[in-house]
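There are 2 protein chains.
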Amino acid sequence: RPNTLDCTAFTSRLPFLNEADQLKHVLRATLLGNGSRRENSAEHSWHIMLYAWVLAEHSIVEIDINRVMQMLLLHDLVEIDAGDTPIHGEIDHKKMAAKEEAAAKRLFGLLPEAQKVSFTALWHEFEAAQSNDAIYAKSIDRVQPVLLNLKNGGGSWIEYSVSLAQVDYRVGDKVKLGAPRVWDFVRSQIEPWFVSQGLD
Amino acid sequence: RPNTLDCTAFTSRLPFLNEADQLKHVLRATLLGNGSRRENSAEHSWHIMLYAWVLAEHSIVEIDINRVMQMLLLHDLVEIDAGDTPIHGEIDHKKMAAKEEAAAKRLFGLLPEAQKVSFTALWHEFEAAQSNDAIYAKSIDRVQPVLLNLKNGGGSWIEYSVSLAQVDYRVGDKVKLGAPRVWDFVRSQIEPWFVSQGLD
Ligand SMILES: [Ca+2]
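Protein chains in written order, with the numbering used here: chain A, 1 to 200; chain B, 1001 to 1200.
Calculated directly from the structure, the hints in this document are not laboratory data.
In silico contact screen, one side only, chain B against chain A (beta carbon under 8 Å); selected entries:
| # | residue |
| --- | --- |
| 1 | 1013 |
| 2 | 1021 |
| 3 | 1032 |
| 4 | 1033 |
| 5 | 1042 |
| 6 | 1047 |
| 7 | 1050 |
| 8 | 1053 |
| 9 | 1057 |
| 10 | 1058 |
| 11 | 1185 |
Note that CB positions come from ideal geometry on N, CA and C, so glycine has one too.
Let the hints inform the model, and build the full structure from the sequences given.
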């Protein structure tokens, strides 16, 4: 391929790539599998991309796994400005959406026009959770913290006093839209923990 | 798509996905952009996938960006057993290669056969650095720590007493194979730092 780009096309992307480094400082409610510390949103994004790829055949909707991966790669970038919203915490959805929209505008606005437009569109598609790719991406984003909590002995379920019914409603219903068999299995694995805690 | 998979196809992947969580504990020589702590290999993998995608048009070799992303997603998993090898440290290449090969065998061996084979092949392709996709993936893997060091004021260059000539040899020559214009620009940015330290 001809190398006709001048440096400008690169330099114009550097501020975005540098800014993305901040996502490593955004801490989630979820603890790592060994319980030693909270997971940050950058390593979480990496982990769910691996989940999405490895589990792709479990999607019940027809997906383009490459688009799903791109979606997951950038889905949490807005947290650099807006912070993480714990799924089991109190959420003011309208306020949060406004903060994230402003974050997307600032962050994707660091990119050259064409990339700004396509990244913003992909993020909106993920947030809307209507397309097949977004439905599967959301399923995966929701199921990974459940498996970390199972591994670390309760994690954010303990911190937020979560019941199994709440997990069904806040997590399971969404996972089932994209990967119902995965949820069937995961639920069977977590039920004993909730029973043991009297939270079933 | 018909949902004919039984749970076995999922449960057989869980140990691999759980084990991958360990990559968040593998610390690299590089500090984050603000210098506050070392970068771990999971968040590093996420960051370089973003780099690879955003900078794809700067590749001078014809690439399949989706394969590049998959390669980068799994390229560091072997560090779970073998640890990170700082590029500016003393390296026993033969010993390291044997450790990483054993790690790949154990980790990818956790997956069902077809995925084990394809993941192992993709990792070998990355390590061999011969295919276009691997050449570009390696360029990106090498250039990101340089930009973090520039941001945090020297980072691992100080720790390992690195000269500009060593950066040229250990990093620049590899980056240039896949993205020479990127290296031209990055080198122009880091040169003043090395001059200021008397390490040019
Ligand atoms: Ca590495």
